[in-house]
Amino acid sequence: MHPAPSLVLFTVLSGAGYGWLALLGLAAATGRASELTAWDAGGAAAALLLVTAGLLASTAHLGHPERAWRALSQWRSSWLSREAVAAAVTYLPALGLLAAWALGDGPVRVLGVATAACALATVLCTAMIYAALRPIARWHSPWVPATFLALAVATGAPLAWLVAALAGDPGTAAPGVAGLAALLAWTVKLLAWQAADGAQAVADAGTATGLGHLGRVRLVEPPHSMDNYLTREMGFRVARKHRLTLRRLAVLLGGGAPLLLALLALTALRGAPTPGLAAAAAAAAILGALLERWLFFAEARHTVTLYYGAEVA
Amino acid sequence: MTSLPPTPPPRRLGLVIDLDTCVGCQACVVSCKQWNTGGHPAPLSDVEPYGREPSGAWLNRVHGYEVAPAGGGCGQTVYFPKSCLHCENAACVTVCPTGASYKRAADGIVLVDEAKCIGCGLCAWACPYGARELDPVEGVMKKCTLCIDRIYNETLPEEEREPACVASCPARARHFGDLADPASPAARLVAARGGFDLMPELGYRPTNKYLPPRPRRQGDEDPPRALPDVAGPGGLWGWVDRLLGG
Numbered sequence: 001m002h003p004a005p006s007l008v009l010f011t012v013l014s015g016a017g018y019g020w021l022a023l024l025g026l027a028a029a030t031g032r033a034s035e036l037t038a039w040d041a042g043g044a045a046a047a048l049l050l051v052t053a054g055l056l057a058s059t060a061h062l063g064h065p066e067r068a069w070r071a072l073s074q075w076r077s078s079w080l081s082r083e084a085v086a087a088a089v090t091y092l093p094a095l096g097l098l099a100a101w102a103l104g105d106g107p108v109r110v111l112g113v114a115t116a117a118c119a120l121a122t123v124l125c126t127a128m129i130y131a132a133l134r135p136i137a138r139w140h141s142p143w144v145p146a147t148f149l150a151l152a153v154a155t156g157a158p159l160a161w162l163v164a165a166l167a168g169d170p171g172t173a174a175p176g177v178a179g180l181a182a183l184l185a186w187t188v189k190l191l192a193w194q195a196a197d198g199a200q201a202v203a204d205a206g207t208a209t210g211l212g213h214l215g216r217v218r219l220v221e222p223p224h225s226m227d228n229y230l231t232r233e234m235g236f237r238v239a240r241k242h243r244l245t246l247r248r249l250a251v252l253l254g255g256g257a258p259l260l261l262a263l264l265a266l267t268a269l270r271g272a273p274t275p276g277l278a279a280a281a282a283a284a285a286i287l288g289a290l291l292e293r294w295l296f297f298a299e300a301r302h303t304v305t306l307y308y309g310a311e312v313a
Numbered sequence: 001m002t003s004l005p006p007t008p009p010p011r012r013l014g015l016v017i018d019l020d021t022c023v024g025c026q027a028c029v030v031s032c033k034q035w036n037t038g039g040h041p042a043p044l045s046d047v048e049p050y051g052r053e054p055s056g057a058w059l060n061r062v063h064g065y066e067v068a069p070a071g072g073g074c075g076q077t078v079y080f081p082k083s084c085l086h087c088e089n090a091a092c093v094t095v096c097p098t099g100a101s102y103k104r105a106a107d108g109i110v111l112v113d114e115a116k117c118i119g120c121g122l123c124a125w126a127c128p129y130g131a132r133e134l135d136p137v138e139g140v141m142k143k144c145t146l147c148i149d150r151i152y153n154e155t156l157p158e159e160e161r162e163p164a165c166v167a168s169c170p171a172r173a174r175h176f177g178d179l180a181d182p183a184s185p186a187a188r189l190v191a192a193r194g195g196f197d198l199m200p201e202l203g204y205r206p207t208n209k210y211l212p213p214r215p216r217r218q219g220d221e222d223p224p225r226a227l228p229d230v231a232g233p234g235g236l237w238g239w240v241d242r243l244l245g246g
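As given, the protein sequences belong to chains F and B, one line each in that order. When you line the first sequence up against my numbering, it's residues 1 to 313, in that order. When you line the second sequence up against my numbering, it's residues 1 to 246, in that order.
Just chain F, with the same shape it has in the complex (with noise of 0.2 Å):
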């Protein structure tokens, strides 16, 4: 599959910001609306712009931008307005956050809750949509989903201990949960990676043509002389060599940087305030997760593949 530049910032950003949401959600659930600070607030405010950010770079891909708010409508069978659905309501726990801190009162635990709640089951239905495709075998598992909530909460929580760091929060908590996130996150991918390479082809050029019983079927005249958006956008290929150097620089800098920074600061800095750690964590998990994006349609077959000379998909 094509990976359009707007789906992989979209889905990262987005990721991340939702990640960075229900963390300070959950965060703020276990705290009264007075001990909210200025730094959560901003926090949030931040994880909202991201999340904003990610939703209007999707509208990229768009034929008709204007009409994006159509997609709110068909909850009942679509994940994709379903997503839209829950995005938008994930504004309204969230901006309540925001509020409960301007006043100094609110219920916050519900707020909380109910933010964390909504940003997690948006990234869930983005994930979904990809997961539900059954042309394309390795997207069609639960491990779609389960990557794409463990990548958003760990490109989140960096962020998230980047604020806390600003705040000058000694703590151990935030880098601790951005490091168990990380290993959390690409533990969880490296096992996707793995089933998707072992996923069963859905089909193969003799049940897309049904010539199969007679014989080994290859495309001699393909029907156009140049290429359509068919394969553009579905017959993107990318060379073996390349993914696995690509993989490996994924798992580093999004895995293997962000847990090594944290347990940087977890020990040889006893959990002292470090921005700038925090800073290259979260960087660092953003590339790594732009990577596996990438990958993610890159690699992908869509069974269309089999009427241009695509043996299986």
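The set of hints was computed from the structure by calculation and includes no laboratory data. Fair warning: there could be bad hints in the mix.
From the derived model, a few chain B residues whose C-beta atoms are all more than 10 Å from chain F [unchecked claim]: (1) 43; (2) 154; (3) 156; (4) 244.
With beta-carbon atoms standing in for the labels, derived distance ranges [claimed, not checked]: (5) 236(B) x 311(F): 49 to 55 Å; (6) 220(F) x 203(B): 27 to 33 Å; (7) 53(B) x 38(F): 52 to 58 Å; (8) 92(F) x 161(B): 50 to 56 Å; (9) 7(B) x 199(F): 31 to 37 Å; (10) 203(B) x 76(F): 19 to 25 Å; (11) 213(F) x 43(B): 37 to 43 Å; (12) 171(B) x 216(F): 21 to 27 Å; (13) 92(F) x 64(B): 54 to 60 Å.
Covered by chain B, per the in silico footprint, the following chain F stretches (three or more residues, Cβ under 8 Å) [to be verified]: (14) 55-63; (15) 133-146; (16) 220-229.
Using N, Cα and C, we set each Cβ at its ideal position, and we do this for glycine too.
Go by the hints and put chain B onto chain F.
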């Protein structure tokens, strides 16, 4: 609403495509483009149609395949027309976030309401067959309408109320009819010739059916024999052979 009709449509209009008789002439491809660029999904845009890299939205395409038997022997060329299969279990409809994509409850035809389409492309991803193409100029999804503006068009003479691809096929390789009615000529053709679904394992339950190439005639399986050498000891050809220095 992008939910599928709650009960199966009473009529299931679709095509039956005969892979035995299709000669790959592309007449259906051209007539489809010609009709639909002025019909229901108009315009059906192209980019650089006369330029170096022509490309555009087409609703019907013909692929040419070579099928080689596993045990060796003569292969065969099969021309394979492909357009929307108007699936019963049409995921292209249910994934649509805006309600633009829908399946008609009366006859099962899958259509796009272009005024609601945001051009997200998800329906094309959900289609295993590659039946949907985004219009490069209009920014909305285009697909086969089964020529609803011909088959129900009372201003056309009755014999012309069939899809443009069916009307134009010189080999009569395309047939149109109600596949829910076992007595319809199309359904009877499917029963008689062993019509099949494309990628049945995906569970989309396409309405369109394909008829397999007929079994080859006796002796066709043997590859042609090698031509005999002309070199011979005597006779006219032997003399010619010697004359030519063979």
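Hint-by-hint comparison with the structure:
With a least CB separation of 14 Å from chain F, residue 43(B) remains clear of the 10 Å interface cut-off, as annotated. Even its closest Cβ contact with chain F, about 33 Å, leaves residue 154(B) beyond 10 Å, as expected for a residue assigned away from the interface. Chain F leaves residue 156(B) outside its interface by the beta-carbon criterion, the shortest separation being 28 Å against a cut-off of 10 Å. For residue 244(B), the requirement that its beta carbon stay farther than 10 Å from each beta carbon of chain F is met, with the minimum near 38 Å.
In this structure the supplied range 49 to 55 Å holds for residue 236(B) paired with residue 311(F), their Cβ-Cβ distance being about 53 Å. For residue 220(F) and residue 203(B), the Cβ-Cβ distance of about 30 Å falls inside the hinted range of 27 to 33 Å, so the restraint holds. Separated by about 56 Å at the C-beta atoms, residue 53(B) and residue 38(F) satisfy the suggested range of 52 to 58 Å. Range check, residue 92(F) to residue 161(B): Cβ separation about 53 Å, and the 50 to 56 Å hint holds.
Checked against the given bound of 31 to 37 Å, the beta carbons of residue 7(B) and residue 199(F), roughly 35 Å apart, stay inside it. Take residue 203(B) and residue 76(F): their Cβ atoms lie about 20 Å apart, and the range 19 to 25 Å holds. For residue 213(F) paired with residue 43(B), a C-beta distance near 41 Å keeps the hint of 37 to 43 Å intact. With their beta carbons about 25 Å apart, residue 171(B) and residue 216(F) fall inside the hinted range of 21 to 27 Å.
For the hinted restraint 54 to 60 Å between residue 92(F) and residue 64(B), the CB-CB distance of approximately 56 Å keeps it satisfied. Chain B is given as covering the stretch 55-63 of chain F, and this holds because 3 residues of the stretch bring a CB closer than 8 Å to a CB of that chain, at least three being needed. Check on the stretch 133-146 of chain F: 4 of its residues sit with their Cβ under 8 Å from a Cβ of chain B, so the three-residue criterion for coverage holds. Counting residues of the stretch 220-229 of chain F whose CB lies closer than 8 Å to any CB of chain B gives 10, so the stated coverage by that chain holds, three being the minimum.
In summary, this structure violates none of the numbered hints.
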